[in-house]
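> Okay, here's what each chain looks like letter by letter:
2 protein chains.
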Amino acid sequence: MDMILKKHHLILIASFTCCQLLADDGYRLWLRYDRIENESIRADYMEAIRFVYVDGESPMMAVARKELAMGLSGLLGQTISQKPADADRGVYLGIVGKSGYIEPFISPGNLKGLRSEGFLIKATSDRTIIAALDEQGLLYGAFHFLKLLQLNKSIAGISTLENPRIQHRILNHWDNLDGTVERGYAGFSIWNWHQLPTYIDQRYIDYARANASIGINGTVVTNVNANALIFRADYVEKAAALADVFRPYGIKLYLTARFSAPMELGGLSTADPEDEAVKSWWQQKAAEIYKAIPDFGGFLVKANSEGQPGPQDYGRDHASGANMLADAVAPFGGIVMWRAFVYSEETPEDRALQAYNEFVPLDGSFHPNVMIQVKNGPIDFQPREPVHPLFGAMPKTPLMLELQITKEYLGQGTHVVGLAIMFRETLDTDTFRDGKGTTVAKVVEGTEKGHQLSGIAGVANIGTARNWTGNHFGQADWYAFGQLAWDPGVSVETIYTDWAQITFTHEPKAVQVIVNLLTRSYEACVNYMTPLGLHHIMGAGHHYGPAPWVDSQSRPDWNSVYYHKADDRGIGFDRTGTGSNALLQYSPEFRAQYEDALSCPPEFLLWFHHVGWETVISTGNTLWDELCIRYHKGAGEVAAFRQQWQGIESSIDSERFKEVLMHLSIQEMEAKWWRDACLSYFQSFSRMEIPNGLEQPEHSLDYYKSLSFPYAPGIRPRW
Amino acid sequence: MDMILKKHHLILIASFTCCQLLADDGYRLWLRYDRIENESIRADYMEAIRFVYVDGESPMMAVARKELAMGLSGLLGQTISQKPADADRGVYLGIVGKSGYIEPFISPGNLKGLRSEGFLIKATSDRTIIAALDEQGLLYGAFHFLKLLQLNKSIAGISTLENPRIQHRILNHWDNLDGTVERGYAGFSIWNWHQLPTYIDQRYIDYARANASIGINGTVVTNVNANALIFRADYVEKAAALADVFRPYGIKLYLTARFSAPMELGGLSTADPEDEAVKSWWQQKAAEIYKAIPDFGGFLVKANSEGQPGPQDYGRDHASGANMLADAVAPFGGIVMWRAFVYSEETPEDRALQAYNEFVPLDGSFHPNVMIQVKNGPIDFQPREPVHPLFGAMPKTPLMLELQITKEYLGQGTHVVGLAIMFRETLDTDTFRDGKGTTVAKVVEGTEKGHQLSGIAGVANIGTARNWTGNHFGQADWYAFGQLAWDPGVSVETIYTDWAQITFTHEPKAVQVIVNLLTRSYEACVNYMTPLGLHHIMGAGHHYGPAPWVDSQSRPDWNSVYYHKADDRGIGFDRTGTGSNALLQYSPEFRAQYEDALSCPPEFLLWFHHVGWETVISTGNTLWDELCIRYHKGAGEVAAFRQQWQGIESSIDSERFKEVLMHLSIQEMEAKWWRDACLSYFQSFSRMEIPNGLEQPEHSLDYYKSLSFPYAPGIRPRW
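Here the protein sequences come in this chain order: A and B. For the first sequence, this note's numbering assigns the number 1 to the initial residue and increments by one for each residue that follows. For the second sequence, this note's numbering assigns the number 1 to the initial residue and increments by one for each residue that follows.
Derived from the structure by calculation, the hints contain no laboratory data. Take every hint as true, because none was put in to throw you off.
Identical copies carry no separate label here, and so any pair may be met within one copy or between two of them.
Below, a list of computed lysine to any residue pairs in the SDA-like style, where the Cα atoms sit at most 20 Å apart:
#1 K705 - A540
#2 K66 - S654
#3 K66 - D24
#4 K658 - V245
#5 K705 - G267
#6 K705 - R687
#7 K66 - D653
#8 K147 - A48
#9 K565 - S554
#10 K705 - R232
#11 K436 - E448
#12 K153 - S73
#13 K66 - E655
#14 K436 - Q593
#15 K633 - P601
#16 K658 - R203
Put together the whole structure using the sequences plus the hints.
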């Protein structure tokens with residue numbers, strides 16, 4: 001690996017001796033608003049947009065007006081009037097029932113199906129109407145209109161109505177108050193708590209703009225491994241300053257609640273949720289917060305998991321804890337998001353079983369303003385997991401889906417891995433809980449069960465990196481999360497084609513390469529890291545790089561060997577009836593797909609089965625050969641990605657081109673590292689040869705085991 | 001304080017609801033190269049600069065060429081030819097004795113006094129010549145030429161020759177390998193060790209450009225509290241990638257050497273500098289480093305200080321340790337910078353005495369490639385300290401001056417405090433060691449003692465903040481350090497007038513306000529923090545905010561009370577013959593200025609004397625009254641700074657204007673906090689009233705003592 005590193009870095013340095021100070025650094029994300037290059041399209045727009053009038057004077061309408069002014073002046077290359085001029089062609093934005101400017105031009109039929117936060121964009125021969133039931137919908141309509149222009153879409157005759165299908169679309173920042181970010185690979189936290197509330201970083205505003213533009217309407221700014229200090233008066237005031245920035249963008253601020261805060265901050269001797277003094281402390285604290293932040297969203301809670309305090313410390317269950325907090329914020333309209341990512345102090349036979357076992361019995365006992373937040377899979381954001389068995393298994397409880405946008409297990413800050421494919425896989429998975437078609441998306445939307453709340457959370461990949469996400473392509477993951485949170489039915493093709501065009505270029509070949517890269521990289525990554533259902537074989541602690549040999553962590557289920565169970569006979573975790581029987585937590589129809597090792601889809605084979613090295617699997621190869629083939633295929637694809645990227649240099653601005661190329665070079669090296677380290681290790685059990693025609697590992701297994709990375713990013717320091 | 005905070009933050013939010021994405025964010029520092037607004041000046045330049053030709057093809061000449069191309073196209077608004085055209089008016093850059101393009105136009109008289117790294121800029125009627133003895137001088141000449149244009153100076157008839165007066169002009173980064181920065185207030189480390197050597201951040205290049213433009217020719221990229229890991233092969237390769245970026249900019253890379261590295265990394269049982277295996281380990285390590293970095297600068301070492309390992313652990317002295325390392329790098333031309341900031345495990349009567357006592361006896365015993373790096377004062381970068389007694393006291397040893405650019409004790413990331421005044425105070429101080437006129441500057445230049453080496457170090461204030469220094473005015477401190485390192489004789493007025501014009505505006509009133517702010521803020525800060533020679537009364541650990549009451553730190557000399565010694569009778573540290581007699585470490589003429597409390601200049605009164613509360617001091621006031629007056633004067637001046645800044649809004653781009661205003665608002669609040677907290681505390685000893693006409697403290701002493709800041713920035717986390 002060392003030699004490869006050396007070579008690449010010399011090449012890259014050589015092309016870097018000059019620099020343009022104003023080169024594109026990616027800070028503007030997908031809101032670039034550069035002048036539209038196609039003259040005829042721009043001319044059409046100029047003809048149709050002689051003015052843009054936002055009918056309303058609130059802070060949110062001011063924000064919409066300013067975004068339109070900024071966007072249009074950039075895209076069209078000239079300032080567009082903001083005054084209404086009835087005779088002329090123009091764009092009107094107004095609230096249904098409130099704006100005389102729009103009423104005459106829309107019929108009840110046009111508005112059919114329009115709901116809160118949704119919008120209608122409708123063009124007639126002499127004007128374009130953007131209508132909504134509320135200001136938030138109008139703001140989203142304004143951003144959508146700008147996006148249509150960024151995409152160079154024709155607006156003549158347009159008639160589009162959009163509603164969000166999920167109510168709470170929320171980012172989760174695992175940001176610590178010391179500025180570090182747990183599992184953050186894009187620098188450090190963008191929240192400068194020390195200088196808040198007085199210093200308002202321009203980033204806070206641009207963060208809000210970016211989120212509003214993709215429909216995100218909530219943000220949890222503190223880590224789920226929570227710190228009670230956030231509830232101290234001066235920190236509440238700091239949080240309020242952030243909420244003030246976010247409010248006109250329709251983004252509610254949420255905080256994580258450390259369950260033991262009444263003791264640590266309040267000086268109580270207990271945090272028992274049934275204790276009256278504890279209840280009273282939280283009620284008082286909620287009142288204080290709502291005084292500073294009238295539209296405070298509520299609490300996100302990680303309790304009784306990985307050492308965090310929780311109601312079980314007092315012999316209470318999750319419902320008792322969640323309801324107590326929910327009651328504190330209920331008078332103010334707040335909600336509680338209670339995480340189902342729990343595992344107890346004692347290690348069970350199979351960690352995958354725990355959340356289901358703890359939560360299913362509580363279905364129906366949560367108060368109406370509680371949602372249970374469930375990770376996509378039962379372990380922990382592995383490159384590929386089957387869906388979490390809780391989806392569909394708690395029909396009386398609204399379940400939020402928690403996705404990880406930051407790539408803790410998918411190459412961290414340097415690998416290009418388009419996550420929309422993975423998100424879609426989860427959303428589209430059929431739980432069969434209410435018969436065929438009970439997809440995770442349907443469960444989360446919750447409409448069939450009549451849930452009042454619905455929600456989706458994404459663990460943010462945002463940091464102080466100039467381009468927000470460290471890797472330019474990480475922006476696509478943030479964008480994709482927003483798009484899927486708004487409409488879980490939107491296609492990956494649409495997401496990535498739009499993103500490529502508004503973020504990079506309209507040049508067709510380049511768009512094709514970018515979309516291909518984003519669409520195929522997920523499968524490639526699964527192949528070079530954890531093919532065939534392998535999971536949790538990364539470095540301990542920092543989770544960087546391959547380490548299937550990890551076997552000395554304090555808890556058995558923190559070790560790689562716990563998960564892959566490789567031995568002389570074979571490899572894989574038997575979760576069928578002959579093993580942990582985790583499969584039993586799924587519906588019979590779901591189970592049927594995976595129960596038999598012979599017919600189990602290869603992507604989950606080793607998740608559910610321990611399979612002999614020489615067993616011929618459904619692909620027609622022996623397990624060992626298939627493992628080798630997949631590792632090599634994944635690593636090989638990354639090399640192709642780099643070449644494809646190099647082929648579109650002329651279509652990409654130079655700074656971003658080089659930065660992506662450097663990351664692809666790192667990814668190429670690391671994909672080989674994963675391949676060679678894992679195959680070397682597994683070979684020590686299988687004692688079989690790497691099939692003919694495939695490269696041998698570059699180094700010995702001892703070499704790979706000797707590598708150490710004490711300062712790999714994304715770990716929470718112990719202050 | 002809370003109420004004031006609230007008010008400011010509402011005002012600032014209100015003016016912030018819009019944003020310009022391409023607003024000036026300060027990233028370009030003083031190398032803005034915006035088009036020159038004055039048409040006539042620009043026309044003159046266009047006439048005189050029809051082309052610019054750099055006669056040379058090396059990487060360094062390529063860098064000069066590119067900088068000139070970028071700078072001129074920006075300043076003049078059009079691309080300038082890089083081809084020589086003898087008949088036309090143009091600019092030639094060439095090495096003396098090597099370039100036929102310059103030889104005919106310079107006489108030996110023109111070159112008189114020109115030395116290595118220096119340059120000559122000379123305009124005749126038909127051409128401008130930039131000449132130097134070496135490429136580095138030519139690069140500096142190119143930057144100087146661009147600066148002349150940025151300053152709108154006439155280049156007709158110009159004839160200027162400049163040489164650096166100090167040989168090693170070095171930044172010290174207290175950056176940890178985990179990305180944190182000890183005493184960093186501008187975000188986190190700009191070195192992304194994890195992604196090096198492959199990912200070359202654009203910042204590395206722009207960092208090199210900025211430093212080269214002010215003559216800085218070395219950088220120590222790792223913390224003096226050192227980590228042996230930097231010497232592991234993969235980290236050496238990462239460091240080499242940085243060195244590759246810096247090389248064409250004439251900047252050498254240095255590393256900090258952890259004295260115990262032979263044990264921690266090499267597996268030896270000792271780090272004894274007289275042990276042959278230890279010597280051999282360092283020799284081998286030096287050879288490895290020089291193989292990767294042929295122009296590696298050498299080591300900076302903090303040993304036997306604040307818990308760091310060192311030669312005294314083995315009964316050896318500093319010379320033994322320094323010489324052993326110096327011998328390892330000597331074959332390759334490297335140097336060792338050995339810090340004199342030491343204090344032993346046992347607390348002495350007066351910490352100020354220690355460095356002198358340990359180092360003076362070693363004068364003459366250091367090898368020729370060793371410099372001793374001495375902080376400006378004997379304690380630790382306090383707002384105001386008398387000069388360090390070592391200056392002039394080790395005539396046989398080259399002493400480097402260590403200045404702190406990062407504002408650990410001067411308001412950290414938020415206060416505007418122009419440090420050039422403080423740097424000048426140190427440089428101009430007369431040690432009288434070789435008679436009158438033996439200033440610190442002369443000692444550091446070392447020419448009179450015939451030293452082969454000379455050096456000056458500045459602890460960097462640079463971080464991941466978009467504008468590099470967090471506070472826009474922090475850029476002025478970086479710039480001032482570079483200017484004074486190049487020429488310790490340059491005036492503060494010149495430094496700040498130039499900086500204001502090239503960084504902000506040529507508008508005279510605005511320049512005046514900026515220069516005033518930078519010139520007066522240092523004295524204001526000393527007054528609101530530590531007037532009359534007080535020192536080390538800040539918060540423990542993070543050093544944020546006032547805390548004269550600190551009395552429970554593990555070492556006595558880590559406590560505030562150790563330094564101010566306030567009691568019922570008075571306040572101050574008696575360092576005369578009746579006390580610690582630290583004054584005895586200075587020359588008789590120096591001593592004479594401070595020995596008598598009655599005539600001691602007020603700025604050092606309490607540094608050298610314990611003075612009664614009711615004693616009438618040289619200003620004509622009682623000590624208590626003078627203390628109150630100075631605290632109030634300092635805080636009051638900050639309020640005036642804010643008002644002055646608001647008065648030039650029309651001359652400053654909006655983003656930087658608002659950001660500076662927010663920081664000035666924080667500074668105003670914190671100046672009052674310092675004033676009120678310190679006076680409340682000292683009043684508990686003096687039991688005297690705050691003089692009539694001065695505001696009473698806003699809160700009780702208990703309130704100020706109750707404040708805690710567990711996540712104040714700049715602390716090194718314990719990973």
